[in-house]
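Protein chains in written order, with UniProt numbering: chain V, 1 to 338; chain Y, 1 to 345.
Each hint should be verified, as a subset may be incorrect.
[As the list claims (entries may be wrong)] Only pairs whose alpha carbons sit at most 25 Å apart, straight line, appear in this in silico DSS-like list of lysine-lysine: (1) V:Lys93 - V:Lys27; (2) Y:Lys281 - V:Lys45; (3) V:Lys244 - Y:Lys95; (4) Y:Lys83 - Y:Lys95; (5) V:Lys45 - V:Lys64; (6) V:Lys64 - V:Lys88.
Hints listed in this document are in silico derivations from the structure and should not be mistaken for laboratory results. Remember, it's a predicted structure, so these values are computed and weren't measured experimentally.
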Amino acid sequence: MATQGERILEVRDLVKHFPLTQGIMFKKQIGAIKAVDGVSFELNKGETLGIVGESGCGKSTLAKVLMALERPTSGSVVVNGRDMARAKGAELKRMRRNIQMVMQDPYTSLNPRMTVGDIVGEPFEIHTEVAPKGDRRRKVQELLEVVGLNPDHINRYPHQFSGGQRQRIGIARGLALQPEIIVCDEPVSALDVSIQAQVINLLERLQNEFGLAYIFIAHDLSVVRHISDRVAVMYLGKMVELGKDLEIYDRPAHPYTQALLSAVPVPDPEGRESRERIILQGDPPSPANPPSGCRFRTRCWKAQEICATEEPLLQIRPGTAHLSACHFAETHDVVHAG
Amino acid sequence: MSKTSLRTSPAEGGLGDEPLLAVEDLHVEFVTRAGIVRAVNGVSYSLNPGETLAVLGESGSGKSVTAQAIMGILDMPPARIPKGEIRFRGTDLLKLSDEARTQVRGQRISMIFQDALSALNPVFTVGWQISEMFRVHRGMNKRDAMAKAVELMDRVRIPAAKQRVNDYPHQFSGGMRQRIMIAMSIALDPEVLIADEPTTALDVTVQAQIMELLAELQRESNMGLILITHDLGVVADVADKIAVMYAGRIVENAPVYDIYRAPAHPYTKGLLESIPRVDQKGQELYAIKGLPPNLLDMPTGCAFHPRCPYRQDNCVTDAPPLYGISGARNSACHYWREVLDGDPR
Ligand SMILES: Nc1ncnc2c1ncn2[C@@H]1O[C@H](COP(=O)(O)OP(=O)(O)OP(=O)(O)O)[C@@H](O)[C@H]1O
Ligand SMILES: Nc1ncnc2c1ncn2[C@@H]1O[C@H](COP(=O)(O)OP(=O)(O)OP(=O)(O)O)[C@@H](O)[C@H]1O
Ligand code: SF4
Ligand code: SF4
Ligand SMILES: [Mg+2]
Ligand SMILES: [Mg+2]
Numbered sequence: 001m002a003t004q005g006e007r008i009l010e011v012r013d014l015v016k017h018f019p020l021t022q023g024i025m026f027k028k029q030i031g032a033i034k035a036v037d038g039v040s041f042e043l044n045k046g047e048t049l050g051i052v053g054e055s056g057c058g059k060s061t062l063a064k065v066l067m068a069l070e071r072p073t074s075g076s077v078v079v080n081g082r083d084m085a086r087a088k089g090a091e092l093k094r095m096r097r098n099i100q101m102v103m104q105d106p107y108t109s110l111n112p113r114m115t116v117g118d119i120v121g122e123p124f125e126i127h128t129e130v131a132p133k134g135d136r137r138r139k140v141q142e143l144l145e146v147v148g149l150n151p152d153h154i155n156r157y158p159h160q161f162s163g164g165q166r167q168r169i170g171i172a173r174g175l176a177l178q179p180e181i182i183v184c185d186e187p188v189s190a191l192d193v194s195i196q197a198q199v200i201n202l203l204e205r206l207q208n209e210f211g212l213a214y215i216f217i218a219h220d221l222s223v224v225r226h227i228s229d230r231v232a233v234m235y236l237g238k239m240v241e242l243g244k245d246l247e248i249y250d251r252p253a254h255p256y257t258q259a260l261l262s263a264v265p266v267p268d269p270e271g272r273e274s275r276e277r278i279i280l281q282g283d284p285p286s287p288a289n290p291p292s293g294c295r296f297r298t299r300c301w302k303a304q305e306i307c308a309t310e311e312p313l314l315q316i317r318p319g320t321a322h323l324s325a326c327h328f329a330e331t332h333d334v335v336h337a338g
Numbered sequence: 001m002s003k004t005s006l007r008t009s010p011a012e013g014g015l016g017d018e019p020l021l022a023v024e025d026l027h028v029e030f031v032t033r034a035g036i037v038r039a040v041n042g043v044s045y046s047l048n049p050g051e052t053l054a055v056l057g058e059s060g061s062g063k064s065v066t067a068q069a070i071m072g073i074l075d076m077p078p079a080r081i082p083k084g085e086i087r088f089r090g091t092d093l094l095k096l097s098d099e100a101r102t103q104v105r106g107q108r109i110s111m112i113f114q115d116a117l118s119a120l121n122p123v124f125t126v127g128w129q130i131s132e133m134f135r136v137h138r139g140m141n142k143r144d145a146m147a148k149a150v151e152l153m154d155r156v157r158i159p160a161a162k163q164r165v166n167d168y169p170h171q172f173s174g175g176m177r178q179r180i181m182i183a184m185s186i187a188l189d190p191e192v193l194i195a196d197e198p199t200t201a202l203d204v205t206v207q208a209q210i211m212e213l214l215a216e217l218q219r220e221s222n223m224g225l226i227l228i229t230h231d232l233g234v235v236a237d238v239a240d241k242i243a244v245m246y247a248g249r250i251v252e253n254a255p256v257y258d259i260y261r262a263p264a265h266p267y268t269k270g271l272l273e274s275i276p277r278v279d280q281k282g283q284e285l286y287a288i289k290g291l292p293p294n295l296l297d298m299p300t301g302c303a304f305h306p307r308c309p310y311r312q313d314n315c316v317t318d319a320p321p322l323y324g325i326s327g328a329r330n331s332a333c334h335y336w337r338e339v340l341d342g343d344p345r
């Protein structure tokens with residue numbers, strides 16, 4: 001895995017708010033769901049950035065903005081030096097080619113009435129310059145082979161494949177335009193345990209082969225650790241911690257990351273009685289009305305007065321070597337404790 | 001809540017060495033246009049009071065169908081049970097009248113369903129839905145039943161239960177709705193609770209809350225728990241014993257520590273090895289090759305043979321019986337010794 005490649009993606013102060021409206025005839029904006037609220041990070045060639053966090057914290061929204069499926073409210077997404085958030089027309093189309101996506105649900109993300117050939121080759125319809133019409137069938141068969149599917153099955157329909165095979169179809173389509181970046185939003189969550197490993201191995205092989213950079217969103221923290229070079233932890237629209245996989249997993253500094261890691265069940269019954277568990281109380285607050293100061297303070301056992309008044313920035317804190325957004329950041333190895 | 005009123009129920013049977021619940025050689029098949037789907041092919045497992053049995057296995061291996069057979073909620077037809085026993089305190093539930101079965105279902109054996117998040121009715125308040133249990137089964141009046149609902153919501157840690165009892169399901173988060181489902185399933189103090197993937201759709205933080213809650217409820221009432229899940233982490237955390245299913249059969253069962261220390265079936269071994277491990281970062285994950293079997297076109301001999309690294313010639317022709325390994329351990333593999341010893345493939 002290449003870690004020190006050149007920078008291909010730079011995200012600065014990215015914000016995506018969804019308006020909350022009232023009234024049927026005359027829509028009046030009464031507020032906003034702050035799905036992504038000021039997120040910055042970069043991604044290098046051939047690198048994998050894992051993104052974890054609770055349901056609703058904004059992971060998929062971030063993915064959609066990166067894919068230019070949603071326009072950001074503010075902030076920039078710079079791909080190879082160009083700001084995608086401001087690009088239009090032909091330039092935007094060209095930039096979109098470079099970022100592709102693999103979605104969570106292999107059962108619903110493929111159109112059941114299209115053949116595998118049509119699904120994988122669909123991006124060529126939009127980007128005709130990549131594969132001239134006469135060349136498409138061969139290209140699609142090549143792609144099927146790359147992801148380990150039988151090229152002769154090009155005329156089959158999605159229902160004739162298993163979940164893991166359908167996920168491979170989605171990956172083949174993601175590769176069609178030879179992107180540099182693939183955003184994977186929960187790519188293995190819906191798969192059987194025995195099939196998950198096959199798909200993860202495939203993603204890693206393709207990365208090495210084509211120098212792909214991945215943004216890998218998943219709620220299985222052990223899968224994220226396995227595949228990622230760096231990991232970002234999100235809470236309620238913000239990044240609260242960002243660092244190399246070892247830094248996040250062995251030396252987490254933010255209380256939320258510590259709680260998250262301690263909640264992951266360890267697949268080994270040995271010593272289970274003495275394991276440290278931080279059980280978070282309550283539910284995450286609404287993203288329409290996040291707490292002032294630190295957004296985690298309503299559930300944080302370390303919260304002080306300053307946490308309500310001053311927002312902790314994502315920066316390197318004393319005693320740690322990576323970024324965290326907590327006034328009282330302090331490393332604590334929850335996984336190996338106890 | 002006292003169970004004395006139920007002591008005379010027809011399901012009450014002998015005691016002695018009989019487990020709380022015993023499934024024995026259960027077969028369930030579905031008659032479909034494409035043929036007969038043998039979803040459950042001779043499953044046996046047992047559960048004692050206070051015990052947690054985890055049922056693991058590939059998607060489609062028959063975990064939920066077995067649970068539905070225990071609950072008596074399979075639609076027959078298309079389902080039929082050609083063979084087997086489901087003994088609850090010694091009485092075979094499959095031989096009970098519909099009426100007697102209804103007395104057991106939901107009251108003494110109850111279940112949290114796999115798709116619980118959509119199981120709540122959106123047009124009734126959660127309080128109304130919980131209190132229905134007490135109105136229907138305990139003949140309580142509306143006010144008492146509602147008070148019970150608040151008590152239960154409290155018990156499953158819904159903050160401000162009294163204020164929220166008249167809220168509708170969509171006003172709760174996924175984790176809270178799951179807790180409400182749990183409240184309904186434990187409302188009548190069941191002796192056996194079957195939890196079918198109770199946390200699969202939830203975040204790890206919420207999952208930890210729910211599992212802790214289930215463990216606490218179990219301690220309070222000595223309830224037996226059957227936990228169906230894919231998550232090898234959750235199993236390692238809470239199970240006393242494990243049954244692993246593949247293609248409608250139990251391929252291995254054992255106490256939790258034994259299985260994680262040294263599995264005795266190649267499928268179990270493959271599952272455990274495919275978990276990403278910290279010390280194997282950068283290496284390829286172990287992956288069980290091939291695909292799960294088609295129940296309409298099952299492999300001959302051992303159903304796992306097309307994917308098995310330990311396969312020998314006789315595996316293709318002879319279906320392995322469930323070999324006894326030691327007291328509480330079994331494996332349906334001709335070569336369980338080699339697997340157990342960790343022989344290389
Ligand atoms: N189109 C939309 N309109 C309004 N609100 C939205 C929209 N899309 C997402 N949201 C809200 O934005 C927040 C973030 O949602 P998002 O889907 O990004 O979360 P997520 O981190 O991907 O969660 P999960 O793990 O459940 O997939 C949520 O509160 C969600 O309800
Ligand atoms: N009504 C039905 N008609 C035909 N086949 C059925 C029916 N219900 C279940 N089956 C089949 O029985 C098999 C076992 O299903 P079951 O739901 O028990 O699987 P499971 O082990 O719970 O899987 P999962 O982990 O995906 O929930 C599956 O192959 C399923 O397709
Ligand atoms: S800033 Fe305060 S409330 Fe926020 S995580 Fe740190 S200690 Fe907790
Ligand atoms: S019986 Fe043979 S094919 Fe089946 S699991 Fe054992 S070694 Fe593998
Ligand atoms: Mg999402
Ligand atoms: Mg099931």
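Here is what the structure says about each hint:
no.: 1; hint: V:Lys93 - V:Lys27; verdict: violated (32 Å)
no.: 2; hint: Y:Lys281 - V:Lys45; verdict: holds (20 Å)
no.: 3; hint: V:Lys244 - Y:Lys95; verdict: violated (60 Å)
no.: 4; hint: Y:Lys83 - Y:Lys95; verdict: holds (12 Å)
no.: 5; hint: V:Lys45 - V:Lys64; verdict: holds (20 Å)
no.: 6; hint: V:Lys64 - V:Lys88; verdict: holds (17 Å)
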